[in-house]
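Peer 1: These are the residues of each chain, in order.
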Amino acid sequence: MSQLTLLIVFDAVLLVTLLVLAFAAVLSPEPRRAVMLFIAFGLWLSLIWARLQAPDVALAEAAIGAGLGGALMLAAARRAARTASRSRGDDAS
Amino acid sequence: MSAPAGLDRATERSRDLRLLLAVLLTLLGVALTLVYLIALNAGAAPRLADLAYERLPSTGVQNPVTAVLLNYRAYDTLMELAVLLAALLGIWALGPAPPGFQRSGAVLAAMVSWVVPLLIVTGGYMLWVGGYAPGGAFQAGALLGAAGVIVRLAGDPRAGLPGEAAQRWLLVAGVLVFTLVGLGLMAFGAGFLTYPPTLAKWLILLIEAAATVAIGAALAAAYVGGRPPGPDARPTAEDEDALTPAQTPANPPAPPLDPRP
Amino acid sequence: MSDAALTHPLVLCIALPLLGAMLVTALPRWSVRLGILAAVATAAAAVALAATVWQQGTLHLMLGGWDRQLAIALRADGIATALVLMANLVALGISVYASGYFHDRVRVRSFWPLWLLLWAGLNGLFLAGDLFNLYVMLELLGIAAAALGALTGNRDAVAANLRYLLVGLLGSISYLLGVALLYTAYGTLDLGLLAAGIADSPQLLAVNAAAMTLMVAGLALKAALFPLHFWLPPAHANAPAPVSAALSALVVKAVFYLILRLWLDLFWPITGMAAAMLPALLGAVAIVWGSWRALRAERLKLLAAYSTVAQIGYLFLFLPLLAATPPGPARDDLLAALLLMAVTHGFAKAGFFLAAGLVQTNAGHDRIDDLGGTAQRLPATTFAIALSGSALIGLPPSGSFIGKWLLMQSAIATGQWWWVIVVTTGSLLASAYVFRVLSRAFGLEPTPMRFITDARAEVPALTLALVSVAVLGLASGPVWTLLGLSAAGVGA
Amino acid sequence: MLIAQFLYGGAGLVLFTLGLWSFLVHEPLLRKIIALNVTGAGVFHVLIAIAYRGDAAPPDPVPHALVLTGIVVAVSATALALMLGARLQDADEEDQTP
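Protein chains in written order, with the numbering used here: chain G, 6 to 98; chain X, 12 to 272; chain H, 12 to 503; chain S, 938 to 1035.
To be clear, the hints were calculated from the coordinates, so they are not data collected in a lab. All of these numbers come straight from a predicted model, not from anything done at the bench. Among these hints, one or two may not hold up.
[As the list claims (entries may be wrong)] As a list, the in silico SDA-like pairs of lysine to any residue whose alpha-carbon atoms are at most 25 Å apart:
no.: 1; chain 1: X; residue 1: 212; chain 2: G; residue 2: 60
no.: 2; chain 1: X; residue 1: 212; chain 2: H; residue 2: 285
no.: 3; chain 1: X; residue 1: 212; chain 2: H; residue 2: 73
no.: 4; chain 1: X; residue 1: 212; chain 2: H; residue 2: 76
no.: 5; chain 1: X; residue 1: 212; chain 2: X; residue 2: 132
Next comes chain G alone, as it looks inside the complex (with noise of 0.2 Å):
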């Protein structure tokens, strides 16, 4: 019984961190920072996957959902950021 409980505990922790990394993506208005946070929102999704017996799935989601998906994305952020700057330095002009 206290076995079962310590299990749903570990399982609710997961789940805790994994929602609140989620919101924490989509809240961030910050471009690069949002995108960190979905990298690491992708990676925590593998490692409940994996608890889940679907190594497969985590592999995968690891490796494109994380990590080839979050370096498209930080290139993009990239690229705002600079256009933001750049936009910036024209008014100041």
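Take the given structure of chain G and dock chains X, H and S to it, following the hints.
Peer 2: Frame of chain G, contents of chains X, H and S only:
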């Protein structure tokens, strides 16, 4: 992006709208959760699991997920490779790749020289191991793609991929081999993508190898973000002679940073 | 699998365009020639499929030869076959037109692989018998269509198609959640098995209703049902002409087909009168609103795009009528009328967009008010616009005349007379917007030249328009026969 | 039914709703794309949860394969959407500079 003055009312309204949406969607979430609870209790419990394991010995692989991906539901996987290719061709249609970043320092270069081969070797291992343990074409392809991203970050504008002509063959390899195997089986009377149990293992490995190459190339090329620079690239988007044979390349090939052994 | 040879055309309709797309991608130098070859081969496979279904009735194939729960099914019944035939003939016309439309080498090389992938996705969608496979097909369609729509690379086209892509993704994720709920409750993805399961489980009403709402709402977003149509006019009006034709005539129609399939085959125990009223009301608003905006449109292609919003509305009007009609000959007639309208609109709208594209390349613009003299300069093209316009209005002898006639007849027979007002209003507005174009086209410049100036571009437009008016209207009998072959499969 | 199935699946539904909300209210493209990915991850999470059959029984491989397919589709769409957005940004910059 800069908000002109006088938008206060609008922002206030949008805040109200957000709140309203949040409330509505919370209700939706609660309703969905209840429905999900009912669905879980509907009594379909083993679903397809037992049947999938029962048929596993005749699929040619021992990893059940690989069996679903490349045997039971191989047709889905074929079309999914087509989706990946469509997205990449859409990216290529938007224009040539932006110039790469400047070549980075010695530390990164040194890292590239051992991380990239490691990724490629691991990818090959993943592909092979996918038949009986976690792994397979997607994970292997993703590792190849990651190797491409690292090479690109280290300064190679082509992310370690070959010139456009060869790259096109790499990209289509997955769908092409998949379709040809399927049609070949159909021609021999087995039915589209119906593997004879004795050949299944090798046919699946063949398809997976081609798919790995295609996925890796497509992911790396997607990160490059445009038609490949290099000898085969067409520098101008506005040349008119659609059916004349290609001219000989004028510019020399890109600097060699080809990590493949 | 001794019947493998028998089901060949089912597989070939999907494998041939896919193979063609690969060859065109790998050998870009021959893209036009290989592309046309693949187009002809695919259309031939579709004709062969239609002939086989005609002779043998509904075709069914379990891929991989596994148990029905485990494998992905392909199937072709009367409804699917009629739409496959329409889509492939229209696509062949678009291919011929496109072979002369693009001149820029980069665009030629971008168009063909994406176009053939889109085509494979269309045929795959029409012939799929598995819910998750349908999701993959929807994504293939969405991604290929957005990429093709942005092909011109100008700002408006990119912005419109980015929005189209995002909206489409949202729609397909919603659809996928519905699929996940159904798999949770029934443990299968096969359409036929699920239909039986849903029919046997009235106690799971909440699950069925939630899954239906998620799936149909997601698809309505992709099918541009009012008020979810906002993305369609800019995306379709800014794409290159052959792409506009494919998007408006085929892609939207394919999504509607999927809605119809789910509505009639899968969820029929819960899609009664009450459920059918909402989409039909939205369809009615779409008819009036779309036609009105088409009338006020300044550009020819924008007019055609708004007209698509209205034409999709007509298709949704059939849902409450089908719900009110008991199974039997009357219901089969109604279903055939629905199909006839969808097929006619496919041909007519493709012809209209191809002709509009010719006007645009010839005049350098497509502003309706400045079209003076088009009739003299491009007589065949103007004729194509007039023909397809008459099919959009629903003038006899076009296929949509018969469709609308049966629609109104059924509305009166089932006591839902208000739809007659909507159809009449829509038809009046449609005649207004078509005649507005034609009256501008007959301008001054009395310089009659040859009827056809550019055969490769004008003949496809004219042929598609002619089919919509003459062939489908005068020889619509085969549609009924095709349906008769599968009538047993609908709602049974 | 297992408690874990309900718990994890419910979390997937929360992610779905959260992503939907964020997609509807946030304007910047990158935020919309992140929102779509969270929405999709929610659906995948539901599928993984129903595949789980406790630590004793092997999981159902079919939803796993569906999710694998879904992940690749999602990353393809993300890549195309980001590049369309980059192209749009270029066009806007060209408009502003002269």
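Peer 1: Which of the numbered hints are not met once you compare them with the structure shown?
Peer 2: Checked against the structure, the only hint that fails is number 2, while the rest are satisfied.
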